[in-house]
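Participant: Residue numbers (our numbering), protein chains in the order written: chain A, 1 to 412; chain B, 1001 to 1363.
Calculated from the structure, these hints are not laboratory results.
Heads up, some of the hints might be wrong.
What follows is a list of derived Cβ distance ranges for each label pair [unchecked claim]:
1. A:Ile353 - B:Tyr1186: 29 to 39 Å
2. A:Lys89 - B:Lys1076: 41 to 51 Å
3. B:Tyr1186 - A:Ala18: 44 to 54 Å
4. A:Val342 - B:Val1215: 47 to 57 Å
5. A:Ala35 - B:Val1215: 53 to 63 Å
Ideal Cβ placement from N, Cα and C applies to all residues, glycine included.
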Amino acid sequence: MIEKALDTLWLEERKAAALIKQPMRGILGIILAFAFFMGLWWVFMDPRGILRWYTPQYGYMYIRWLLIVAIWQAYIFNFWPFRPNWMEKTHPLKKGLILVTMNFAITGLLIWVFYYGIFGTFAVPYFSWFELRKTGLSDFFAREYSSLAILMMAAIASWLSPIWPSAFENYPWHKLTQPAKGFTVFAVTFLLTTYIYFIFMHPHYRVLFYPWQEFTAAFPWWYESFHTLSGNFNVGWIMCATVSVWLMETIFERYPFCLVKSQPWRGIAGFFCILLLAFILFFTFVFLQDAVWGPSVEGAKRLMAPDWRYLHTGELAVILLAIALALYFYFDNWPRRFSTEVNILVRVAVTIIGAFALHWLYYQYSHMLLGTQSGYSHPQQFPMAPVILFINVMLYHNWFMDGWPGKRIKQE
Amino acid sequence: MDNDFSRRSFVKGMAVGTLAGYFATAGLSSTVFKNALLPEEKLNLTDIGQIKGLKIKVISETSWYDNNVFLNDVKKAGGLLVNQYEIPWTREGVKAGYQGDNLGGFATYIEAELLDGKVMKILLDTGWNHHWMEKRFNEEGVAEKLAKKEIDFMVSSHEHIDHFFGIQATTKYNPDIPIYVPKGFYQEGFDLLKGKSFPKANVKNDHPHKGKVTVLDSKQVNVLYPGIALMTFDVPIILRVFGEQAFVFNVKDKGIVLVTGCCHQGIISYMEAVRKNIAGGDKIYAVQGGLHISPFEDWDPQYDDLIMAFHKYGVQKIGCNHCTGFITAEKMLKAGLPVVKGTARHMSKRDIYLGNGDELVIA
Ligand SMILES: [Fe+2]
Ligand SMILES: [Fe+2]
């Protein structure tokens, strides 16, 4: 029994009983998640708050990696070293406290030991705050630049890490047990992330430093077609891809690629479905922005800047995702009573309407809550930071705490 | 069997999806579709009139003297989004500073000769450290002109520390001077103008302003005199500032001259706005002032986009300084852009661009 549970995704196996009726359960869940988010934001991020890490890049970096570490914990390591038994019997509050602490600790270790201590010190200096500072860069920008690099890698990791458990069902390592499976999938996705980083993001750093680092990084190869040297072009579409993974995993119920029954074809189909959806999102968002603000202008700043427009596709996609996840986690992926296709269509419609509403609310009121500034485009403000932190909290609440107190695992 | 069937329906689904996706993405990104779907660009041109000539003198473009000291103040306070009135700015013990004070400031003095021969005298911004600013005002004769009420008005480009916190350097000599501020000024800014002090930020105003304050917004081009206009931009800026405005002069036989404080709206965005909103805006003769590109000698690949696109606008004189940054100036020169050289006097560090006491004359 335990062996079987270790082999499948615990999140799919667990049976949580609803303790409160809908829609009250959903509304209560969202209120709780939002309150916890606001607390975290105030303590760690808010420019008026306590630690003020949203400088902006430094705090933004942590937020992005917290997300990936949560994916590792729940999807790749299947909560190892904790046993399914423990996951079922432990009170959600205690579980949440332990797993969130672990989430924070692993993120801290990753940044301080792996990036600053190893990768930045012995391989690529721009990944380390301290190595960059040694080059004569100001302490502040040494930290901002290294944070940007680390968070750009996070963008890729957030796209690739969940693909293996979700689309490939961990094939061809599905027969391994934990922690061997976790470590294998982690190593493979992290390696891929690093390779892809060097193709899509590293060229950004040829241009970021003065003089251009011609011997160590390729020229931003997307410049001719997309009119910017900035890696924000890749951050934009890769964030659309990250969002696609989770749209597929939640409101699409892995449809249509779930129709393919055998691996690795299913995984390959899934990968391309995700990519296709990502490009549809990306180009639709680029087009919508062109329609509203007029075509972007090369060399312009803010609203009119090509690189900001690309970044904003990612921001719009993440807003979409926040709604989809809220629907999935808090409203039981409503509706479920029609055929799969109809269910998905209704969810997509609800998500789009919800995203418009959240978009409006965000740009109308968020600056007062978050201590940031109003306006669509601020070169030092990234709406993805607060929205991803909110998503993290939803994951903590639903993955680590079973959606308690709205839901609770059935004790057998 | 079951496997086969679902695989076939999957392939069918994917084929339809891919085709639809392909047409959607290819269509949306192709220029053909864009031309058909996007509304045509609307020009809304205002004729602002003309002036005969223009003299632009840099009073101070050195806003702070030690970048690292400045950035450490920012870092300690919590980064680039923290409210500037809440940051304890270092004012003592800085070797590179003016009498140990890290703060300088930004101010430009402008004389614009109208077609009827009348010369309008304008002060753009009022710096940060009032000791330094008073010294510079006296050295350049601005203090005297202020005291004699010869300077017609002051324009505050935006509320930033280095452009506005030194307000008492101006009001000391003329508390009645009319001031134009952009929409987005905070209550703190108006309070400082009226004499409130902000001990946390090490800033005060011992000479309350008593003249008229006009807030200009972005709804229209604000023509102040024939040939002299201000454009306001609703832009959120670092250190919790909002809104910036900049000058548009239309000089007879030369063309449009843009004079900026920091240009947080972006110089290309600004030139585009001028092209779309001002008659003759497609011919920009000169640009003067801070271009906010690499103020901390920091960088972003997007700034290279800017430098690579700049030549398309055919600007003949780039009299940049201040928050343009030295790296930017070096890259601009390398790209063949006409950056006007300065003389590196009065604590301006390099002659690569216009420094304190340097003048750009357009006539
Ligand atoms: Fe400035
Ligand atoms: Fe400024």
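Participant: Hints first: check each against the structure and report whether it holds.
Facilitator: So, going through the hints one by one against the coordinates:
| no. | hint | result |
| --- | --- | --- |
| 1 | A:Ile353 - B:Tyr1186: 29 to 39 Å | holds, 36 Å |
| 2 | A:Lys89 - B:Lys1076: 41 to 51 Å | holds, 47 Å |
| 3 | B:Tyr1186 - A:Ala18: 44 to 54 Å | holds, 48 Å |
| 4 | A:Val342 - B:Val1215: 47 to 57 Å | holds, 54 Å |
| 5 | A:Ala35 - B:Val1215: 53 to 63 Å | violated, 38 Å |
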